[in-house]
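Each residue of the sequence shown is one higher than the last, beginning at 1 in our numbering.
In case anyone wonders, no lab produced these hints; they're calculated from the structure. It is possible that some hints are incorrect.
[Said to hold, decoys possible] Distance windows between CB atoms, simulated:
(1) G143 with T54: 19 to 27 Å
(2) V200 with K170: 14 to 22 Å
(3) G231 with L157: 41 to 49 Å
(4) A210 with P36: 15 to 23 Å
Ideal placement from N, C-alpha and C gives every residue a C-beta, glycine not left out.
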Amino acid sequence: MAAIASGAVLWGVFKVSDSEGLPPSSPRRVTSRPGPESEPAIAPGGTEIAYTYTEDGNTDIWVTDVRGGTSLRLTSRPAKDRLPAWFPDGTSLAFASDEGGTTSIWTIPRFGGSPMLLIPNASDPAISPDGKQVSFSRPGPGGYTRIWVAPLSDVGLARVLTGDKDGLWKHACSAWSPDGKTLCYQAQRGLWLVPAGGGVCQPFTRDDQADEDPAWSPDGRHIYFSSFRDGTLAIWRKTPNGGSA
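From just these sequences and the hints, can you work out the full model?
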């Protein structure tokens, strides 16, 4: 999954500059562990990256400086801890884990500690820009996932945002707009937009392409996403108010 912040685009464990109008620089490796490293998430200040590292079938959350160096292991348990998402103040992270046999959302302090269960039977956490809400995916009837939003002050008040006909099914990977008013999410057919407060879901990419992993630019002018639309997996960009990808 791509992460976009502070003028940089990260994919896997490499960093590539992405200044508007300039060619990208050569990728520079940020991490150096021997096993698979993926799912980078840039901290709010742009100086650190949370990522997942898999070894011997076990996946954990790690954090490192964007300039490279020693990584700090945040989770260490016999489970697959994945999809790290920073809180806006940078003090904690949310992540999905299959600890106990069911995928749920947990939180952990930035410098480590005991993970705390946040939302059971949920995945794909994303924290709102003001740090007051969390969006996530949760399976419904038939196992088809929907996008939900809950106040962090009381996650028991979670409400579903997407329905049976919004892109058909398999709703996942919601991403908050910088102003916190809109969520972009992936579905069976393309990407969709939905008001964070609830309302009508609108198609963002209107074709039957494998468009996934949406991420807003910091200024809210573009949404980046991965797609096979030209036969090759690549990163694409589109404006929320129209235009072609």
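Okay, the hints, checked on the actual structure:
1. G143 with T54: 19 to 27 Å: holds, 25 Å
2. V200 with K170: 14 to 22 Å: holds, 19 Å
3. G231 with L157: 41 to 49 Å: Hint holds: Cβ distance 44 Å, inside 41 to 49 Å.
4. A210 with P36: 15 to 23 Å: holds, 22 Å
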